[in-house]
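Protein chains in written order, with our numbering: chain A, 29 to 307; chain B, 6 to 230.
Since the hints were derived computationally from the structure, they do not count as laboratory data. Remember, predicted model here, so these are calculated numbers, not experimental data. In this text, a Cβ means the ideal position worked out from N, Cα and C, and glycines have one as well. No false leads were mixed into what you were given.
Negatives, chain A to chain B, calculated, CB over 12 Å:
{"hint": "1", "residue": "His-268"}
{"hint": "2", "residue": "Ala-296"}
{"hint": "3", "residue": "Arg-301"}
Distance condition first, Cα-Cα at most 20 Å in a straight line; then the derived SDA-like pairs of lysine to any residue:
{"hint": "4", "chain 1": "B", "residue 1": "Lys-128", "chain 2": "A", "residue 2": "Arg-224"}
{"hint": "5", "chain 1": "A", "residue 1": "Lys-66", "chain 2": "B", "residue 2": "Ala-160"}
{"hint": "6", "chain 1": "A", "residue 1": "Lys-66", "chain 2": "B", "residue 2": "Ala-202"}
{"hint": "7", "chain 1": "A", "residue 1": "Lys-66", "chain 2": "B", "residue 2": "Asn-159"}
{"hint": "8", "chain 1": "B", "residue 1": "Lys-128", "chain 2": "A", "residue 2": "Phe-225"}
{"hint": "9", "chain 1": "B", "residue 1": "Lys-128", "chain 2": "A", "residue 2": "Val-167"}
{"hint": "10", "chain 1": "A", "residue 1": "Lys-193", "chain 2": "A", "residue 2": "Leu-147"}
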Amino acid sequence: MNLSALESLDRRWIFLGMALLVAGPLLFPVGLPLEVSKPTQEYYDAIAAVPDGSPVLVACDYDPGNRPEMVPMTKTTLRQLFDKHCKPIVLCLWNGGPGLVDQTLEEVADEYRARGVDLVSGRDYENLGFKSGNEAVMVLMGQGITNAFPRDQRDRETRTLPVMKGIRDYSSFPLLVSVSGGYPGTKEWVQQVNSRFHLPMVSAATAVSAPDYYPYLQSGQLRGMLGGMAGAAEYEKLMHEKGPATRGMDAQSLAHFFVAACILLGNAVQWSRGKRGRA
Amino acid sequence: MNVSHDLGTWVAAFLTLCILSFVYKDNPFYKFAEYLFVGVSAGYFIVLNYWTVIYSNLLDPLRTAFGGHVEGGPFRIEQGDYRALLVIPGLLGVLLFTRLSRRTAWVSRWALAVIIGVYAGLKTTGFAQGDLVAQVQASLQPLWVPGHLWTSVNAIVFTVGLLTSLLYFFYSREHKGGLGLATRVGVLFLMVSFGAAYGYTVMSRVSLLIGRFQFLFSDWLHLIR
Numbered sequence: 029m030n031l032s033a034l035e036s037l038d039r040r041w042i043f044l045g046m047a048l049l050v051a052g053p054l055l056f057p058v059g060l061p062l063e064v065s066k067p068t069q070e071y072y073d074a075i076a077a078v079p080d081g082s083p084v085l086v087a088c089d090y091d092p093g094n095r096p097e098m099v100p101m102t103k104t105t106l107r108q109l110f111d112k113h114c115k116p117i118v119l120c121l122w123n124g125g126p127g128l129v130d131q132t133l134e135e136v137a138d139e140y141r142a143r144g145v146d147l148v149s150g151r152d153y154e155n156l157g158f159k160s161g162n163e164a165v166m167v168l169m170g171q172g173i174t175n176a177f178p179r180d181q182r183d184r185e186t187r188t189l190p191v192m193k194g195i196r197d198y199s200s201f202p203l204l205v206s207v208s209g210g211y212p213g214t215k216e217w218v219q220q221v222n223s224r225f226h227l228p229m230v231s232a233a234t235a236v237s238a239p240d241y242y243p244y245l246q247s248g249q250l251r252g253m254l255g256g257m258a259g260a261a262e263y264e265k266l267m268h269e270k271g272p273a274t275r276g277m278d279a280q281s282l283a284h285f286f287v288a289a290c291i292l293l294g295n296a297v298q299w300s301r302g303k304r305g306r307a
Numbered sequence: 006m007n008v009s010h011d012l013g014t015w016v017a018a019f020l021t022l023c024i025l026s027f028v029y030k031d032n033p034f035y036k037f038a039e040y041l042f043v044g045v046s047a048g049y050f051i052v053l054n055y056w057t058v059i060y061s062n063l064l065d066p067l068r069t070a071f072g073g074h075v076e077g078g079p080f081r082i083e084q085g086d087y088r089a090l091l092v093i094p095g096l097l098g099v100l101l102f103t104r105l106s107r108r109t110a111w112v113s114r115w116a117l118a119v120i121i122g123v124y125a126g127l128k129t130t131g132f133a134q135g136d137l138v139a140q141v142q143a144s145l146q147p148l149w150v151p152g153h154l155w156t157s158v159n160a161i162v163f164t165v166g167l168l169t170s171l172l173y174f175f176y177s178r179e180h181k182g183g184l185g186l187a188t189r190v191g192v193l194f195l196m197v198s199f200g201a202a203y204g205y206t207v208m209s210r211v212s213l214l215i216g217r218f219q220f221l222f223s224d225w226l227h228l229i230r
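Only chain A is shown next, with the shape it has when bound in the complex (with noise of 0.2 Å):
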């Protein structure tokens, strides 16, 4: 088969090809099948063995460049921690994220207050902001939760908010959930808290650093992790939500198709060349 016309195809119409594929099945879902995976079900578990009422802390440390993978994992978890009537202490590392966390943790407590139940900022739940200075917050958040975050999101005193009576240092917590976009993010609450005050921690990441943090999984340093939009949708099933990560787990595998067809094409063209070559 003679395939030197494609060395020379416009790169173009592979990405006209993507295109088509994501907003297909965007479009018209096709409802391909979803398995729930284990490192999402301790995920899930994790959270769940987490005693009724208590004060969980979320480290959201992305911006709106994780959004697609990130948010949904946040919404998810939240409402798991809301319907369990956990607090969830919010915090985020990353300098372009605070107005994004910020949305999307309102727009879960909406969602509860729509439905009729009594949540307040402040009460029910925190967010303490973003603080710069990647580890040497989360070391400083050691020595008390207020001595890092004096001010909160809101400008608000954190020393005299009701959620935050009794919360002194992080074993304070039963759970740390890192939902991580990169640096800083769960390698570094592995290494500075989980090593060092031993608080218990699971893993939201993005599909870029789920892979580093597989032998912290291995090593139980991690209860649980969810990967990617793969395991936000994982997750989104275990909750019985169809939201948008299960919604783009289509195109998501149709977009995986099309690259697996494209290296194997790509391989082959460069295998023909050097048949040629040699001829």
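Assemble the complex: chain A is given as a structure, and chain B must be docked to it using the hints.
This is chain B only, laid out in the frame that chain A set:
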């Protein structure tokens, strides 16, 4: 078609299309969106860092400590009040601006030395505790677990992969004979891990595209819910 009536959504959709137009070729719309993003981000980060760090963690505590409202004076370390000592990191921060002049730039090294020293210490101890010790400990697995065949198989594959991958990076002897065979097995394990990492990277990048398309179809054009 029932499109969005929100101005912000239209601006976001326009900028999304400007950025996506780059896949056809570089053009003024892409450049406009790119420069706008850089400019807005720079301004946003300066304001954000001032109010969330410089004001709340430096200026506000210093104002309280030196404002004459604290009984016993500003320096009350014996009572656990360290706020006045924030003068020192504040001064170190100011020293960083000496880099703006070539004659005084050397002064900023004092502040940089503190920053590098603190972060080197944090990273080293964090890595040692979180990665080195914990990962070595987790690598020591029993190869045979009675009654759990797949656990045993997993442990054996894991151990073979770990040892042969490590041997691949052993350069003190030529890779031939038994060592050569082991390193070739190690390469296979490394290739599988690179493939998995690449697959995950593809998933991440496709997710970004899906996110933008969901925004265009849902928030802007209201084609999907």
